[in-house]
Every structure is written in C-alpha cells, then in structure tokens.
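The opening position of the sequence shown corresponds to residue 9 in my numbering, with each subsequent residue numbered one higher.
Worth flagging that the hints you see were computed from the coordinates, not collected in a lab.
Possibly wrong hints are sitting among the right ones.
Claimed, not checked - Derived EDC-like pairs (lysine to aspartate or glutamate); straight-line CA-CA distance at most 16 Å: (1) 99 with 317; (2) 473 with 519; (3) 383 with 522; (4) 383 with 422; (5) 99 with 80; (6) 13 with 553; (7) 99 with 135; (8) 289 with 494; (9) 475 with 522; (10) 475 with 533; (11) 383 with 582; (12) 420 with 382; (13) 28 with 418; (14) 420 with 361.
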Amino acid sequence: MLSDKIGEVIWTPSEERVQKCNLTRYMQFARKLTRRSFTSYEELYSWSVDVPDQFWYSIWEFCSIVSDNQPEILLENRNRMPGANWFPGVKLNFAENLLQHRDMYPALIFHNERGARRMLTYRDLHEQVSGLVRALREAGVEPGDRVAAYMPNLPETVLVMLATTAIGAIFTSCSMDFGTAAALDRFGPVQPKILFAADGYFYAGKTIDCLDRVRDLQHRLEGLERTVIVPYLQPLPALDGFRSTTLLPEFYEPGPAFIEFERFPFDHPVYILYSSGTTGKPKCIMHGAGGTLLQHQKELVLHTDVRREHAIFFYTTCGWMMWNWLVSSLAVGARIVLFDGSPFHPTASVLFDLAEKERITEFGVSAKYLAAAEKQGVVPAFTHHLPALRTILSTGSPLLPQSYNYVYRDIKRDVSLASISGGTDIISCFALGNPLLPVRRGELQCRGLGMNAQVLDDYGDPVIKEKGELVCTTPFPSMPVGFWNDPDGKAFHDAYFSRFPNVWAHGDYAEMTDRGGMIIHGRSDTLLNPGGVRIGTAEIYRQVDRVEAVQESIAIGQDWEDDQRIVLFVRLAEGKELDDELRETIRRTLRTNATPRHVPAIILQVEDIPRTVNGKISEKAVSDVVHGREVGNRNALANPEALACFSDRPELSA
Numbered sequence: 009m010l011s012d013k014i015g016e017v018i019w020t021p022s023e024e025r026v027q028k029c030n031l032t033r034y035m036q037f038a039r040k041l042t043r044r045s046f047t048s049y050e051e052l053y054s055w056s057v058d059v060p061d062q063f064w065y066s067i068w069e070f071c072s073i074v075s076d077n078q079p080e081i082l083l084e085n086r087n088r089m090p091g092a093n094w095f096p097g098v099k100l101n102f103a104e105n106l107l108q109h110r111d112m113y114p115a116l117i118f119h120n121e122r123g124a125r126r127m128l129t130y131r132d133l134h135e136q137v138s139g140l141v142r143a144l145r146e147a148g149v150e151p152g153d154r155v156a157a158y159m160p161n162l163p164e165t166v167l168v169m170l171a172t173t174a175i176g177a178i179f180t181s182c183s184m185d186f187g188t189a190a191a192l193d194r195f196g197p198v199q200p201k202i203l204f205a206a207d208g209y210f211y212a213g214k215t216i217d218c219l220d221r222v223r224d225l226q227h228r229l230e231g232l233e234r235t236v237i238v239p240y241l242q243p244l245p246a247l248d249g250f251r252s253t254t255l256l257p258e259f260y261e262p263g264p265a266f267i268e269f270e271r272f273p274f275d276h277p278v279y280i281l282y283s284s285g286t287t288g289k290p291k292c293i294m295h296g297a298g299g300t301l302l303q304h305q306k307e308l309v310l311h312t313d314v315r316r317e318h319a320i321f322f323y324t325t326c327g328w329m330m331w332n333w334l335v336s337s338l339a340v341g342a343r344i345v346l347f348d349g350s351p352f353h354p355t356a357s358v359l360f361d362l363a364e365k366e367r368i369t370e371f372g373v374s375a376k377y378l379a380a381a382e383k384q385g386v387v388p389a390f391t392h393h394l395p396a397l398r399t400i401l402s403t404g405s406p407l408l409p410q411s412y413n414y415v416y417r418d419i420k421r422d423v424s425l426a427s428i429s430g431g432t433d434i435i436s437c438f439a440l441g442n443p444l445l446p447v448r449r450g451e452l453q454c455r456g457l458g459m460n461a462q463v464l465d466d467y468g469d470p471v472i473k474e475k476g477e478l479v480c481t482t483p484f485p486s487m488p489v490g491f492w493n494d495p496d497g498k499a500f501h502d503a504y505f506s507r508f509p510n511v512w513a514h515g516d517y518a519e520m521t522d523r524g525g526m527i528i529h530g531r532s533d534t535l536l537n538p539g540g541v542r543i544g545t546a547e548i549y550r551q552v553d554r555v556e557a558v559q560e561s562i563a564i565g566q567d568w569e570d571d572q573r574i575v576l577f578v579r580l581a582e583g584k585e586l587d588d589e590l591r592e593t594i595r596r597t598l599r600t601n602a603t604p605r606h607v608p609a610i611i612l613q614v615e616d617i618p619r620t621v622n623g624k625i626s627e628k629a630v631s632d633v634v635h636g637r638e639v640g641n642r643n644a645l646a647n648p649e650a651l652a653c654f655s656d657r658p659e660l661s662a
C-alpha cells in the first residue's frame, strides 16, 4: 500500500529513458557550446540562471528558432525588472515557427464528447492558414490589430490563431462558457477588429446554442468591423439580426501551401491573455512572440520531452493559457489532440478512451480532474491499454499527495507525473517536470531552466524548507510586454513589482525543498491566518480530500473577535449528510496529518462551490460573501449562483 508521505520517491526514470530524452541531448549540446562539464541537472540549472543570456541563446540554437538574422546582442538592461530587453535587433514570426513542417503527418486531431473525429495534416494546416491569411488581409487586418476568438477548442480556433499571428496581429480568445458580460469584460478593452465565434458548443450531453450571446456581444464591442461565425452545431446557422457577419466557409478558401510571413521584433505582441477577474475587471496581459516561443519550446522539448513522433493532449478551454501552451507543440511537429466537451461524458473514462485510441504520449489534465476521477472509480490500469503514455501533466491547483498514489496505482506504474505551476501572467511555468529526476509525492520536481525562482520570507530573504512568497529574482523572456491600456506601466508594475523592488512576485505561497523541488501551498491572497499562523489553503485540501465522503471543499478565514477563524465548507458525495461524526472525522484527519492550527472552527455543508470558468475554486468570492462584501466580479465565475450557499449562514454569526 502506498503511503501519503510528501517528498518520498514514488517513481524513477529508467536509465534507458534518461539517455534517450531530449534534456540529455541538450546537456551534451550545452557542453559543446559553453565548454562546461554539466554532470547533473542542478549544475545545468545554476548555469541557466547565472548566465541567462548564454542559456537562452542555447535554447534558440537547440530548438532552431526561425528568424531573419542571428542574435548579436542577447540581453540589454539585464538587472532591470521590468525593463530587461531580450534579443534586440532580431525579427521573427511566431506562426512561421509553428508551421515549419509541411508534410502529411497529422498536426491536429479533434474529438468531441459526441464521438466526432477530425484530422488535419501539417500540409492541410498550411493550406487552411494560407487561405485565412489572405482573407484577413483582404478584410483589412494589419500588424498590431486584435483578432478575437469566442470559440470552443476546435481546429478552427488554432487556424485563426496561426493566421492572425502570421500577419503580426494580436490573437486573443476566451471560452464560450463565458457569458456575454464576462466576454465583454475581456474583449471590450482590446477592441478586436474581427470576432470569430462558433454558433455554440456541446457539454455533458447538452447542446448550448450561443448565437444570441454572440449577437449581443458583437453589437456591444466598439471598433468591431466584422464577425465570422464558425458552424459547429449545424451546417448553416441562421444569422438574423447580425451585422457585418459571414459564415466561415464563405469568408475564406484554403490556398496553396505558401504563406508570406512578415517578421517583427522579438517582443512584438502575439497574445492578449486575461487574469481570472475574481478580484475585479480582468487584466489584459500582452505577451511577446519571441519570449512565448522560447519558453514554450524549452518547456515542451526539454522539461516535457515532447518529440515529433509524440501525441500531446491537454484538457483545456480556449480561455486558459494551457491552450496556448499546447498549440506551441506545432513547432515540434508533434500530433496535437484537441477535445471539446465534458471530461466525464458520456462516461467517466472518456479522456482515457481518447488516450488509448490516439496513443497519447503526454496527457494533461487539472489536479481537480485527477481527484474527481479517483472518486468516480476510474481505474485505467485495469480497463485501458496505454502503452504509449509516457507523461501525465497536472496543473490548475496543487496536486494532492493522494493523487500521486492514484496515478501510479490506478492509471499506470511506469509514467512520469509532472505537476507544473506558473500561470497566465508568464504564459509558462516557474516549476515543472523533469525527465532526468525521480518523481516525489507532493512535490514539483524542479524549477524551470532559466527561471530564477525563489521563496522569500516576510523580510525579503530567500528561505529553504520554509513557506513564503514565490518570486523570480532575475529577468526571463516570457515576462509580459505589459498590460493593454497601461501606457506608463504603472498597473503592470503595481501588480508584480511593488512588494519586492526589482523582483517578480508571483502571488503564490510556496516552499523550496532542499533537493531543488517545490511545494505550492496556495495563493498568497487566500492565506489563512488564525492566531497569526500563516496557512495555505492547499494544506487543508490535501487532508480533507482524504475523507471519502467529501467530494470537494473550500476554506476561508473569517474575521472574528479581533482574530481570524478557519471556516471549512464541504460538498459531500451523493446521499451523504454532514453530521457530528463526519465533522469529527474531518477534524481528526487535519489534526493528525497537519496540525491543530489547521483544524477549522466551523464546518458547514454546501450544495455547490463557486469556481472560475477555468475550473479553479474561488476562495476570494466566498470570503467576500461571508464578510458581506460585494463580490469583485461575478462574471468571472462559471456558477455564480453557488454563492447563495454561503450567504446569511446563521452558524457564522455565533
């Protein structure tokens, strides 16, 4: 029986796997380039943060970045954050780097919950993007214009992104499960010239028609010149009441596999992504083409070990940065598997059915998905044949120690489990997987190469084996270009650099291990502080999730009698009720496996828990409701009606 001990080795890569992985090949490349003798990942990592310009140039060379000239100056203003300038003088095109392959090898394989399957080869991709580029240019789209996609996770969404960035315009997207107001919060400030939108989507056996929502959105977006409807629910959606609107098949025709790529400066904006918006209007975060490309190639090729012959999948919507990360696998030439629908419909094993059918090698899901799959009794080790599966990726929230056990007991014994952590803010990771290192239960394996991530205490001093603020102390290429409509950079500076001058503060409460691994304890802005003791909410969830009757939980700190007390809300399995016996089981589990300080003062049952559209539970929204404050932005929540479960609870007044 597997234990729950954090830090215990649960899997070790074979010597054969280590020798064949991309990271081993890269270390040999770096030795020749630098004339240094790297004998371990620790030595390689130290060099990558000590000599960052040389390191990032090596990634440029190793991953064969396409540009109009080789970098001469690698890094200007190396000691300024923000203000560092990477690869000045270099020009490149983001889409050109993703479209280097032009053969009949599969590029995109699409499935949905209704059983549909479509495939585009790399040649198909070129022909489709070529036609779209021509149509966008004829529609007046120029470099720097914004093109928005209000779309499910379809191949067409990828095509629109590639065509947009091929021109040098800026691509921005959000999922169709955002309502009109939430979509307007995101697209409104950036004023897209063209909006691509599907007529709807499928989820959990339901057909969700979105034409009314799209019609409303297009009439409220200032500066919008054209809307293009992508037929998905039906071949010919009715366009009554729309203005300047075309169906996608009428908007363009696939062309010859030739695309004229204009090249732009390294930090030319390629994406606008959005913060969750749970504390106010979403921040419109601009990411540069060069930094995004370099980071994604480093993470996919070296840390995830993706290769041309691989099939990579991540369960994501187009409103989460993992979609942007996933589609960068095109630069490797791998097969990308897309899925639209519920991860538990028509059966609880639908994603593992997909992994088996498409021989997925890198399988990405959220930590919440793995916890839910275990509780629903999904056991692929006994029901599926998964010989191709090499790596399981998990992100979105801290991966519980018991989920590590679930993966190795019930999914596959010989697999690399990579819990990764970063975010929309950096469109990449600070800590993630490593094909050279063992997997330790409850830990992220390592800090990413070139990312000088540290944990600081309240005095700004770096600490190991102590909890503190996750920061990055030196510049990195995927730092945002800035925020949209923030000309003096004040909002950008205040968001990341106000607490520790010249240091990026990421907003995570974390802990560095003495082995170079990392443990994420939750978000800094949701820290609990009973009696002056700082507790990350993830520390509580790790233990409560062990209680079989609990499906999900959310913890907040309630201001009480000049102090703070922990209140835990639990959503229970069907047919279960919260009684004194179950409350005591929860308290005993926390007291035994954590500390008495982690034991909540009050435990209450709720029918639902509010979450963002990306699936993250919203402790801030619950705290606002409990304290009688206005919730910052209900539009950011997928299920704002759940907040009613937390309002006016008499138990919280005594």
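Enumerate the violated hints, using their earlier numbering and listing them in ascending order. Hint check: 1, 3, 4, 7, 13 fail, others pass.
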